[in-house]
Amino acid sequence: MVAYLIRRILLMIPTIFAISLVAFLIIQLPPGDFLDGMVSAMEADGNPMRAEMIAALRERYGLDQPVFVQYWQWITGIVLRGDFGMSFEWRQPVQDLIWERTGLTFLLSLLTLVFVWIVSFPIGVYSAVRRYSVGDYVATFLGFIGLAIPNFLLALVLLFGAYKIFGVNLAGLFSREYENAPWSMGKVLDLMAHLWLPLIVLGSSGIASLFRIMRANLLDELYKPYVVTARAKGLPEWKLILKYPVRVALNPFVSTVGWVLPDLVSGAVITAVVLNLPLTGPMLLRALQSQDMYLAGSFILVLGVLTVIGTLISDILLAMLDPRIRYR
Amino acid sequence: MRRIVARVAGSTLALAGVLAFPLAASAYQEAPMLAEQVAAGALPPVDERLPAEPLVLEPREAVGTYGGELTFGIKGMADWVLLQRTMGYEPLVTWNPEWDEIVPNIAKAFHVNEDATEFVFELREGMKWSDGHPFTADDIVFWFEDILLDPDVSPGIPTGMRAGGEPPVLTKVDDLTVKFEFEESNGLFLQYVAYARGGFEMTSFPKHYFEQFHLKYNENADELAKELGFSNWLDMFQDRSGDYMAPWRFRGDVPVLLPWMLQTGLETLASSQQVVAVRNPYYFKVDPEGNQLPYIDRAVYASVQDDEVLLLKALNGEIDFQDRNIGIDANRAVLYDGQEAGGYRFYEVALSDMNTGIISINQTIPDDRKREIFTNKDFRIALSHAINRQEIIDIVHQGVGEPWQAAPRPDTPLYSERLAKQYTEYDPDLANRMLDAILPDRGANGMRTYSDGTPFTFVLEASDAHGLRFPDAAELVVRYWQEVGIDAQVRVMDRALLDQRRIANVQDAMIWRGFGGSLDAIVDTRWYVPVTGNSNFGIPWTQWAEGEAGGIEPPQSVKDHMAMYREVALTPTLEGQIEKYGELLEVSADQFYVFGISLRGPGFGIVKTDLGNAPQVVPAGGDILDPAHSRLEQLFWKN
Numbered sequence: 001m002v003a004y005l006i007r008r009i010l011l012m013i014p015t016i017f018a019i020s021l022v023a024f025l026i027i028q029l030p031p032g033d034f035l036d037g038m039v040s041a042m043e044a045d046g047n048p049m050r051a052e053m054i055a056a057l058r059e060r061y062g063l064d065q066p067v068f069v070q071y072w073q074w075i076t077g078i079v080l081r082g083d084f085g086m087s088f089e090w091r092q093p094v095q096d097l098i099w100e101r102t103g104l105t106f107l108l109s110l111l112t113l114v115f116v117w118i119v120s121f122p123i124g125v126y127s128a129v130r131r132y133s134v135g136d137y138v139a140t141f142l143g144f145i146g147l148a149i150p151n152f153l154l155a156l157v158l159l160f161g162a163y164k165i166f167g168v169n170l171a172g173l174f175s176r177e178y179e180n181a182p183w184s185m186g187k188v189l190d191l192m193a194h195l196w197l198p199l200i201v202l203g204s205s206g207i208a209s210l211f212r213i214m215r216a217n218l219l220d221e222l223y224k225p226y227v228v229t230a231r232a233k234g235l236p237e238w239k240l241i242l243k244y245p246v247r248v249a250l251n252p253f254v255s256t257v258g259w260v261l262p263d264l265v266s267g268a269v270i271t272a273v274v275l276n277l278p279l280t281g282p283m284l285l286r287a288l289q290s291q292d293m294y295l296a297g298s299f300i301l302v303l304g305v306l307t308v309i310g311t312l313i314s315d316i317l318l319a320m321l322d323p324r325i326r327y328r
Numbered sequence: 329m330r331r332i333v334a335r336v337a338g339s340t341l342a343l344a345g346v347l348a349f350p351l352a353a354s355a356y357q358e359a360p361m362l363a364e365q366v367a368a369g370a371l372p373p374v375d376e377r378l379p380a381e382p383l384v385l386e387p388r389e390a391v392g393t394y395g396g397e398l399t400f401g402i403k404g405m406a407d408w409v410l411l412q413r414t415m416g417y418e419p420l421v422t423w424n425p426e427w428d429e430i431v432p433n434i435a436k437a438f439h440v441n442e443d444a445t446e447f448v449f450e451l452r453e454g455m456k457w458s459d460g461h462p463f464t465a466d467d468i469v470f471w472f473e474d475i476l477l478d479p480d481v482s483p484g485i486p487t488g489m490r491a492g493g494e495p496p497v498l499t500k501v502d503d504l505t506v507k508f509e510f511e512e513s514n515g516l517f518l519q520y521v522a523y524a525r526g527g528f529e530m531t532s533f534p535k536h537y538f539e540q541f542h543l544k545y546n547e548n549a550d551e552l553a554k555e556l557g558f559s560n561w562l563d564m565f566q567d568r569s570g571d572y573m574a575p576w577r578f579r580g581d582v583p584v585l586l587p588w589m590l591q592t593g594l595e596t597l598a599s600s601q602q603v604v605a606v607r608n609p610y611y612f613k614v615d616p617e618g619n620q621l622p623y624i625d626r627a628v629y630a631s632v633q634d635d636e637v638l639l640l641k642a643l644n645g646e647i648d649f650q651d652r653n654i655g656i657d658a659n660r661a662v663l664y665d666g667q668e669a670g671g672y673r674f675y676e677v678a679l680s681d682m683n684t685g686i687i688s689i690n691q692t693i694p695d696d697r698k699r700e701i702f703t704n705k706d707f708r709i710a711l712s713h714a715i716n717r718q719e720i721i722d723i724v725h726q727g728v729g730e731p732w733q734a735a736p737r738p739d740t741p742l743y744s745e746r747l748a749k750q751y752t753e754y755d756p757d758l759a760n761r762m763l764d765a766i767l768p769d770r771g772a773n774g775m776r777t778y779s780d781g782t783p784f785t786f787v788l789e790a791s792d793a794h795g796l797r798f799p800d801a802a803e804l805v806v807r808y809w810q811e812v813g814i815d816a817q818v819r820v821m822d823r824a825l826l827d828q829r830r831i832a833n834v835q836d837a838m839i840w841r842g843f844g845g846s847l848d849a850i851v852d853t854r855w856y857v858p859v860t861g862n863s864n865f866g867i868p869w870t871q872w873a874e875g876e877a878g879g880i881e882p883p884q885s886v887k888d889h890m891a892m893y894r895e896v897a898l899t900p901t902l903e904g905q906i907e908k909y910g911e912l913l914e915v916s917a918d919q920f921y922v923f924g925i926s927l928r929g930p931g932f933g934i935v936k937t938d939l940g941n942a943p944q945v946v947p948a949g950g951d952i953l954d955p956a957h958s959r960l961e962q963l964f965w966k967n
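Chains P and V are the protein sequences, given in the same order. According to the numbering used here, the first sequence is numbered sequentially starting from 1. According to the numbering used here, the second sequence is numbered sequentially starting from 329.
Any given hint might turn out to be false.
[To be verified] To give an idea of the interface, some chain P residues facing chain V are shown, with a C-beta separation under 7 Å as derived from the structure: (1) 47; (2) 86; (3) 177; (4) 278.
In short, the hints are calculated from the structure, not lab data. Don't be surprised by glycine CBs; every beta carbon is placed ideally from N, CA and C.
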């Protein structure tokens with residue numbers, strides 16, 4: 001077990017290195033760089049830039065260096081000094097920018113996960129036990145709709161519906177009066193009043209897929225001999241189902257924990273943009289669009305590291321559960 | 329009684345629109361929120377904060393009342409220009425709201441000599457930055473000597489600041505007077521000061537704030553730089569002054585001369601959902617009754633990440649006065665329907681754009697055989713006649729507009745019917761006849777070939793920028809060309825790549841925005857005469873004129889045309905410049921460098937109905953800072 005763990009952790013190092021390299025190179029692939037975009041936007045707004053200035057800026061930002069030199073400076077800064085570089089657009093250190101938005105992102109991801117679990121668990125159990133009942137069909141129908149509608153579209157429809165019917169704008173996480181206010185009871189309540197919409201939108205597809213998996217796994221178990229035996233021995237039906245087949249079928253719930261980590265950073269980029277949520281996703285999207293490469297590269301690197309760690313955790317859990325994996 | 333009388337300059341450019349009126353002694357009034365601070369001893373009284381001769385702004389409708397907030401929707405840090413365009417326009421002299429005259433602003437008067445080589449600006453006695461520190465000629469001298477002329481701090485001198493290739497000499501006549509002296513005439517200098525870039529640089533560098541970052545004034549600047557995490561003072565100074573581009577005034581701690589001042593820097597949008605600017609207690613403008621402006625207490629910039637969310641905010645009445653990112657054609661119908669519920673009305677944005685797309689054929693293309701065709705004026709005329717402009721208007725632009733070449737808009741003093749309308753009629757037969765004289769041979773597919781049978785093809789490059797649907801228009805254009813046997817293709821690409829290609833002079837043809845359709849044609853000359861680096865039909869010609877690398881000597885007719893522009897720059901008055909530029913445009917019509925598609929329709933913005941002194945029409949364009957030049961400091965809430 002220990003040897004397996006060490007091997008896995010050692011393997012993470014080249015993986016993360018490769019992720020950082022690829023991330024950095026992919027960001028540089030589109031033609032032009034951050035300054036090109038900036039300059040043409042400035043020109044359209046009546047602020048033309050002189051060629052000398054552009055050249056000086058390119059030098060100052062290190063954009064005149066070959067890609068590999070830029071990469072080397074970035075990665076050594078991270079490894080040696082924990083410095084992820086400066087964001088060109090925000091003109092602030094990248095790590096500050098990412099941290100500032102992590103809190104709310106973490107909260108929302110966690111709440112969404114809990115919401116998904118709470119809703120999909122009973123529905124999954126119910127629709128497996130009462131297979132082909134009216135309730136099962138209704139849940140399945142809604143589930144497929146939830147799976148099929150892209151989150152951002154659902155968000156737009158709900159936003160527009162709320163505006164049309166109730167005349168309110170539900171975008172954002174806070175009302176205007178609480179926007180810049182310090183934390184207080186009122187602000188927390190205000191946050192809760194705004195939070196349900198992103199929860200529903202972000203949770204919709206998760207609920208749909210998780211309850212379908214739950215249903216399928218449970219159906220596999222329900223007709224196995226041990227269930228029949230238990231029933232024959234006279235266990236009460238609900239106690240029987242919850243104690244034996246449900247426990248076995250619970251695997252997908254546990255394995256979603258591993259996916260949560262990267263979701264914390266990238267979580268629902270487009271949905272967050274549409275709902276105007278101050279999360280990390282929209283910032284990542286904008287950084288990619290404007291080729292703000294240190295910000296974008298650091299985001300992707302962090303994402304990659306979190307994915308690798310998440311995979312490691314689920315591998316360890318699996319190895320503990322299943323001895324065959326350990327010795328392969 | 330004390331009379332506030334603005335001195336009228338006795339030069340050719342007299343200032344206008346200033347009233348003389350009586351005032352009770354020490355009778356300026358201020359906003360309640362400032363009166364509280366004065367009562368608490370945190371601020372000096374209003375009479376001491378205002379300059380001796382404040383600018384008296386005649387309101388559009390009525391004298392207003394104090395209070396309230398003005399909310400805009402901003403798309404993150406990258407959208408900082410919104411601040412510049414709403415609260416950031418206070419140059420020495422400014423355009424009037426109608427955009428047809430330059431009037432005094434921070435300078436209470438200005439004088440220009442006969443041959444437009446000397447420009448004198450008189451500042452206001454007792455005028456102060458937003459922190460109460462006096463604003464004097466020293467601030468302008470600081471900007472000029474330690475920023476503009478220092479090649480380490482800001483490399484290169486902008487064209488508008490040069491005459492005969494040289495920057496002017498700036499003299500501090502006294503504490504309140506500065507004089508710019510050019511070696512040659514620079515008749516466009518006042519316009520340069522009044523437009524976007526030139527003006528706000530001069531009045532945005534408070535010396536008493538920035539000198540702490542400059543080694544010349546602070547011998548410990550290098551240590552300060554290390555403390556703040558920079559490698560040396562220059563790095564720090566460049567960062568604090570915004571790397572020549574970013575909004576240094578919008579950092580939050582920099583004193584300003586603007587109506588509102590930011591409480592926190594724009595960069596805090598990274599973690600918060602809005603930035604707020606409060607009234608500047610030292611703002612130098614009053615209304616005719618002596619009330620210090622602005623009327624509105626706070627300007628709020630709410631962060632939105634998506635245009636649809638911005639639209640929703642507008643529909644919901646959360647946006648008070650804005651066209652940026654809202655006034656696009658796709659939003660027009662839904663916003664129109666939502667007017668009553670949202671409590672807003674439309675205002676017209678009279679864009680200076682004169683076209684929905686200018687097609688430029690590269691007349692300096694390196695390929696010799698192609699260049700011979702491309703430089704043939706009849707070839708370009710034939711291509712222009714081959715385009716069915718009405719169909720493009722109907723399909724792409726919802727039927728708005730009329731066939732139009734690269735020419736100033738009809739309601740401007742520079743309008744020339746010949747330039748606007750020549751060769752716009754759809755006549756494929758004529759086009760075919762003209763092309764038969766140039767490229768008579770055709771290949772097996774019916775497309776025209778060179779005389780040796782090799783196919784004649786070229787690419788029209790387009791980028792989906794500015795919301796003008798260039799790729800759609802380009803697709804239609806090449807289809808019309810193919811009908812007259814010209815094998816042209818569209819290539820849609822990213823704007824950055826398009827930019828790289830045109831600067832490298834490798835593009836055959838491209839479609840781009842019709843800038844400069846109003847008075848700004850005089851400064852944005854790109855489609856009329858190739859004197860700046862944006863004339864995509866002959867960028868190397870302008871490089872030749874500037875003596876830059878990569879230049880190609882233009883034909884004599886183009887050289888003569890370029891010389892005509894120098895004549896415009898030698899003219900001191902706006903009227904004279906308009907006349908000279910009109911003559912230049914006639915030659916543009918003869919040269920027919922580029923051709924256009926259709927006249928761009930007016931844009932729109934939304935404004936809350938109970939916002940007083942709001943304009944009905946805002947002249948707009950790339951160079952002028954709309955809607956700020958319509959004087960947002962006079963807006964007020966009626967209820």
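*Which of the numbered hints are not met once you compare them with the structure shown?*
Hint check: 2, 3 fail, others pass.
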